[in-house]
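Work out the full structure: start from the sequences and follow the hints.
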Amino acid sequence: MKLWQKAAAACAGILALVVAVCSAAMLLYARHTILNMSREQIRAKQRDLAISFSEMTNYYRLDTDTGPVRSSLVNYCFSRFADESSVLMQGGETVSSALTIDPSKWLDLRQTQDMPLDGQRTFEGRVQGRDVFMAGGLVHIRGEEYAVYTVADVTDIHRSLAVMGGIFLAVSLAGIAAGAGAVTLLMRRGAKPLAALSVAAKRIAGGEYQVRAGVTTSDEIGALAADFNTMAAAVQTRVDELTETAQRQRLFIGGVNHEFKTPLTAILLHTRLLQKVNLTEDEKAQSLSHIEKQCTWLERLTQKLLRTITLRQDIVKTPVPARELIDRVLSSTRQIMSDRGVTLLTDCDGSELLVDADLMQSLLVNLVDNAGKAYDPGGEDRTVWLTVRENVIEVRDAGRGIPPEALARIFEPFYMVDKSRSKKHGGSGLGLALAKQIADAHGAKLAVTSTLGEGTTFRVELPVG
Amino acid sequence: MKNRILIVEDDEAIASAVALSLQVAGYDCAVFDDGAGAAEALQGDHAYDLALLDIMLPGVDGFELFDHMQTYHIPVIYMTAKTDSASEIRGLRDGAEDYVVKPFDVQTLMVRIEKVLRRTGRLNTVYRVRDVELNSETKTVTKSGQPVYLQPLEFGVLLMLLKYKNMTVTREQLMTEVWGYDYVGETRVLDIKIHSLRKKLDLTDAIRTLPKLGYRLEER
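These protein sequence lines map, in sequence, to chains A and B.
Numbering (our numbering) for the first sequence: 1035 to 1499.
Numbering (our numbering) for the second sequence: 1079 to 1298.
Keep in mind the hints are simulated off the structure, nothing from the lab.
Each hint should be verified, as a subset may be incorrect.
Sample of chain B residues facing chain A (criterion: CB under 7 Å; computed from the structure) [to be verified]:
#, residue
1, Ala1091
2, Ile1092
3, Ala1159
4, Gly1173
5, Glu1175
6, Val1184
7, Thr1254
8, Val1267
9, His1273
10, Glu1296
Pair by pair, the computed Cβ-Cβ distance ranges are [to be verified]:
#, chain 1, residue 1, chain 2, residue 2, range
11, A, Thr1330, B, Gln1101, 24 to 34 Å
12, A, Pro1438, B, Thr1198, 56 to 66 Å
13, A, Thr1305, B, Arg1276, 48 to 58 Å
14, B, Tyr1150, A, Arg1272, 50 to 60 Å
15, A, Asn1291, B, Gln1101, 28 to 38 Å
Quick caveat, the model's predicted, so the values are computed rather than measured.
Backbone N, C-alpha and C define an ideal beta-carbon position, used for all residues, glycine too.
Encoded structure:
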């Protein structure tokens, strides 16, 4: 059961209880009062009738006992005060009445037991399908006993009370319904932001990390929603980072897998050739040479791979004179550059660089080696320039250049602009990826600009200070 | 008629090993190290029975090259280091006959090549060594044009040796292929069949015994 439903149900319940109790109490009290008032009226009327009748009859001081005179006097006196509700009886016989009923059937006054002090008795109940209230008392006139009744039909009063009760009930029910409706509406509106939060949370759990709860209320729920959104944003950032890392790693592992499989396949195939086929001596020598080359290549690949993987972020930076760094690069690239017939020209100012010398050397050797491959073998004016100006190191060539579409990807592991040419130069596709990693570890920017047919410039910008 | 195989593989060491293995076994091979070159050459000579394509080729890759092969109705087997199922599915969905994943074994590749050639009705069913000719379709063997009767098991052994001509065929390979996986018994029966083949067809020096390895039918 939802919170708003619980709250609404509780409110409606309490409301119903209060209204029911109040209505019932009011209704009972009103009924009691009204009925009592009408009873009192009827009793008073009977009392007045009895007194007036007896006083008047006695006033005439009837001396005669003769029947007809006496009875007509009594009738006369009674009719002076009687109305349609009055009945006069003597000894079980009706003397005067406008009614068709005999009240002594329900209210027998000759029973003297339990007679109240004022001599008046009452009856209340159903008589011939009507609600009736009657009061009666005995009157003594010259030794004769008369019974005086006032009989009132109170059906209408009862009916009115029933109608009133009905109206009360209807109004109460309407009130309860309206109250419950209002509470439900209010609670529901109040709980709506919570539902929105819940939906957002479920969608985020389902992987839609970009979802936010659109709750803008200024109450506690609004504050909760704001916190929730902050949390969702943090989760999204983290998930994006993790996804990107995982993606990079997957590509890297895929690359490693591919790069290892090619030389392994070649080695395996040539080993089988040597094992199974009756090769000529020339063919044997060729197969062995293939195997040797592939093994050397695997060895180089493994080393570069290890460096790429094991390069730590907590490098040791020391101040190194630019000259010293350049000398180290020159000496470690001398052989390969002269093999290729490429000249390396260097230039530097007297600045000192705050770097890990071994790693920075490795970075620059990779860039210089890469630049050397930008020339076709045997061409003229093949020069690579390495310059240091304050905190900026540049490696420039005037070779064939890198196509714009390849420029964005050259730092990706195993990416090669021209795979077959790169392979001929012994490229692994890892050199520039390694350079980028070293630059990142230094907090340096590694950027490249290139124009097809004119050359390429790599620029390492070390952080100042 | 030898079956002609087109090989497009940018790694020279792999290409040379595959080509050499197929050539000694009796196939004609043409090797290209890039897709563009192969596509260009196809416009002139496209009488190939099958193409072995590397997928990761510089320039025009294996998948692109496949369209050229379709033009000339050349069945394709991919040789790939890509193990991800997406590229396998793409290769086969596009209509390639089969694929092998690097690193692979040449004899496995040869089995697949044979299957594809047979399926496409291009398999050369006549094998030759010296003056001996075996027709795997009609199950007949002739020597200098004269029919020679061989027992079924002898025929099976000779066919295996001819399929992998100049290549060592291990005793296990022969036993499994000719006698069947579930054969349990004396493997000396193999030596007996080899002996009778050598005698019937005068191939004593051509069928070489490689101790502990197997046999090799040599003709180079």
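Comparing the hints with the structure gives:
A distance limit of 7 Å between C-beta atoms decides the matter here; for B/Ala1091 the minimum to chain A is near 4 Å, and the interface restraint holds. Because the beta carbon of B/Ile1092 sits about 5 Å from the nearest beta carbon in chain A, less than 7 Å, this interface hint is met. At about 4 Å, the closest approach between the beta carbon of B/Ala1159 and any beta carbon in chain A falls short of 7 Å, and the interface hint on this residue holds. Hint status for B/Gly1173: violated, given a least beta-carbon distance of 24 Å to chain A, over 7 Å.
Look at B/Glu1175: its Cβ only gets to about 20 Å from chain A, farther than 7 Å, so that hint breaks. Restraint check, B/Val1184 versus chain A: the minimum CB separation of about 6 Å is within 7 Å; hint holds. Below 7 Å, beta-carbon pairs count as interface contacts, and B/Thr1254 has none with chain A, the closest being about 17 Å; its hint is therefore violated. The beta carbon of B/Val1267 is not positioned within 7 Å of any beta carbon in chain A (closest approach about 23 Å), and the interface hint is therefore violated.
Taking 7 Å as the C-beta contact cut-off toward chain A, the hint placing B/His1273 at the interface is violated, the least distance being around 21 Å. The beta carbon of B/Glu1296 is positioned within 7 Å of a beta carbon in chain A (closest approach about 5 Å), and the interface hint is therefore held. Range check, A/Thr1330 to B/Gln1101: Cβ separation about 27 Å, and the 24 to 34 Å hint holds. Distance hint check: the CB atoms of A/Pro1438 and B/Thr1198 are about 44 Å apart, inconsistent with the given range 56 to 66 Å.
Between A/Thr1305 and B/Arg1276, the C-beta spacing of about 29 Å breaks the proposed range 48 to 58 Å. A hinted range of 50 to 60 Å holds for the C-beta pair B/Tyr1150 and A/Arg1272, which are about 54 Å apart. Distance hint check: the CB atoms of A/Asn1291 and B/Gln1101 are about 30 Å apart, consistent with the given range 28 to 38 Å.
Violated hints, in rising order: 4, 5, 7, 8, 9, 12, 13; the structure is consistent with all others.
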